[in-house]
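> Kindly generate the complete structure, drawing on both the sequences and the hints.
Under UniProt numbering, the first residue of the sequence shown is numbered 1, with each subsequent residue one higher.
Calculated directly from the structure, the hints in this document are not laboratory data.
Backbone N, C-alpha and C define an ideal beta-carbon position, used for all residues, glycine too.
Each statement offered as a hint is correct.
Cross-link-like lysine-lysine pairs, in silico, DSSO-like; alpha carbons within 27 Å at most: (1) K41 <-> K159; (2) K163 <-> K68; (3) K156 <-> K68; (4) K170 <-> K156; (5) K170 <-> K94; (6) K170 <-> K305; (7) K41 <-> K170; (8) K68 <-> K94; (9) K159 <-> K170; (10) K305 <-> K163; (11) K68 <-> K48; (12) K68 <-> K159; (13) K41 <-> K94; (14) K68 <-> K170; (15) K41 <-> K163; (16) K41 <-> K68; (17) K41 <-> K156.
Restraint-style ranges between C-beta atoms, simulated for each label pair: (18) P29 <-> A61: 24 to 30 Å; (19) A92 <-> N272: 45 to 51 Å; (20) S195 <-> N310: 19 to 25 Å; (21) N150 <-> V90: 48 to 54 Å; (22) G218 <-> T25: 29 to 35 Å.
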Amino acid sequence: MIRYFLARGDRAGSATIVEGLPSITCSNPPPSVQIATLYMKTYCTACKREGFIAPKGPRHAGTGPNGKPWALSGDINVCGCNPPPVFYAVRAMKMSFTSEEVARTSLPIAPAYVPQREYTHEEHAHEKVSEEEPSTLEDHPDLICPNMTNEEFAQKVMKRRDKAVSLVDKRIAELTRWSSTAQARVAQWFGNSDSATRDYLAAGLSRIRHVLAGLTPGNFVRYSEAAMANVGCVSDSKKKLGVVAEVCAPDTATHTIAIHLDFCELRDFAYNVDSQVSTLIHEVSHFHDTMSTGDPVYFMREALKAARTNPEITLRNADSITGYVIYED
Numbered sequence: 001m002i003r004y005f006l007a008r009g010d011r012a013g014s015a016t017i018v019e020g021l022p023s024i025t026c027s028n029p030p031p032s033v034q035i036a037t038l039y040m041k042t043y044c045t046a047c048k049r050e051g052f053i054a055p056k057g058p059r060h061a062g063t064g065p066n067g068k069p070w071a072l073s074g075d076i077n078v079c080g081c082n083p084p085p086v087f088y089a090v091r092a093m094k095m096s097f098t099s100e101e102v103a104r105t106s107l108p109i110a111p112a113y114v115p116q117r118e119y120t121h122e123e124h125a126h127e128k129v130s131e132e133e134p135s136t137l138e139d140h141p142d143l144i145c146p147n148m149t150n151e152e153f154a155q156k157v158m159k160r161r162d163k164a165v166s167l168v169d170k171r172i173a174e175l176t177r178w179s180s181t182a183q184a185r186v187a188q189w190f191g192n193s194d195s196a197t198r199d200y201l202a203a204g205l206s207r208i209r210h211v212l213a214g215l216t217p218g219n220f221v222r223y224s225e226a227a228m229a230n231v232g233c234v235s236d237s238k239k240k241l242g243v244v245a246e247v248c249a250p251d252t253a254t255h256t257i258a259i260h261l262d263f264c265e266l267r268d269f270a271y272n273v274d275s276q277v278s279t280l281i282h283e284v285s286h287f288h289d290t291m292s293t294g295d296p297v298y299f300m301r302e303a304l305k306a307a308r309t310n311p312e313i314t315l316r317n318a319d320s321i322t323g324y325v326i327y328e329d
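In structure tokens, the structure reads:
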């Protein structure tokens with residue numbers, strides 16, 4: 001099997017790759033084109049949506065200078081089209097695979113499109129609840145977190161975002177390799193490791209990764225009922241203890257994440273309890289263009305129990321997805 005490197009300008013149906021690596025080019029055949037990596041941006045004229053290149057099929061180890069795996073012919077475009085269109089290209093830069101490598105490393109991808117829903121102000125926000133002691137901070141009308149400047153918050157939350165992306169990348173790579181260890185982890189969190197579960201997770205985590213990687217400081221706002229109403233949701237979480245952040249799941253236009261005071265004093269990262277990093281993954285999984293999760297079970301350790309007692313809820317449970325990505329004893 002031969003797979004050719006994709007480049008800026010290559011097409012998948014009505015979708016076109018609009019990014020490339022200026023420092024990595026190929027001129028055979030001419031003209032010279034910029035080689036692309038996974039998760040680079042695309043645009044689809046059929047659904048009129050921006051998208052990105054998602055992995056499908058085997059690939060050898062190796063990354064571009066941006067740290068992302070090479071995009072190859074046969075990869076898919078994640079946009080609003082279902083089934084997702086497939087990229088094709090032929091050029092001198094290529095990867096070759098034996099039949100054994102194809103069988104061992106191929107990863108089919110489930111449909112990438114999550115239907116968009118119409119919504120009104122009756123849509124309720126999705127909250128992340130923590131077990132930590134409630135914050136003693138006093139709200140400040142101009143600061144997202146009153147214990148730091150907004151500039152300091154921006155620097156910190158971007159570091160948490162980068163950590164979250166790296167953890168999601170690790171699980172996507174495991175789903176691609178699909179070793180016995182990877183299969184056991186999927187079964188541990190979702191009750192089985194069949195191909196449908198693998199496909200669902202591979203597609204969903206690719207979408208979560210895309211949204212996470214695109215977050216900027218502008219996606220984060222100080223929580224208020226008005227802020228949630230602005231993106232289309234009703235929120236009454238100010239009356240509840242332990243809420244650290246929340247999103248309006250249909251808000252796929254702005255991906256706004258509202259920050260509560262409890263987030264500001266939450267630990268940066270931990271493998272087995274709530275943290276700022278786990279909160280970002282949890283909240284992003286709620287959006288309708290990622291995995292459209294709910295919150296039937298809060299807390300990663302409780303979600304782990306649910307895989308044994310109530311596995312049918314786990315693939316749509318935010319802390320099950322978060323725990324699968326992060327949790328280690």
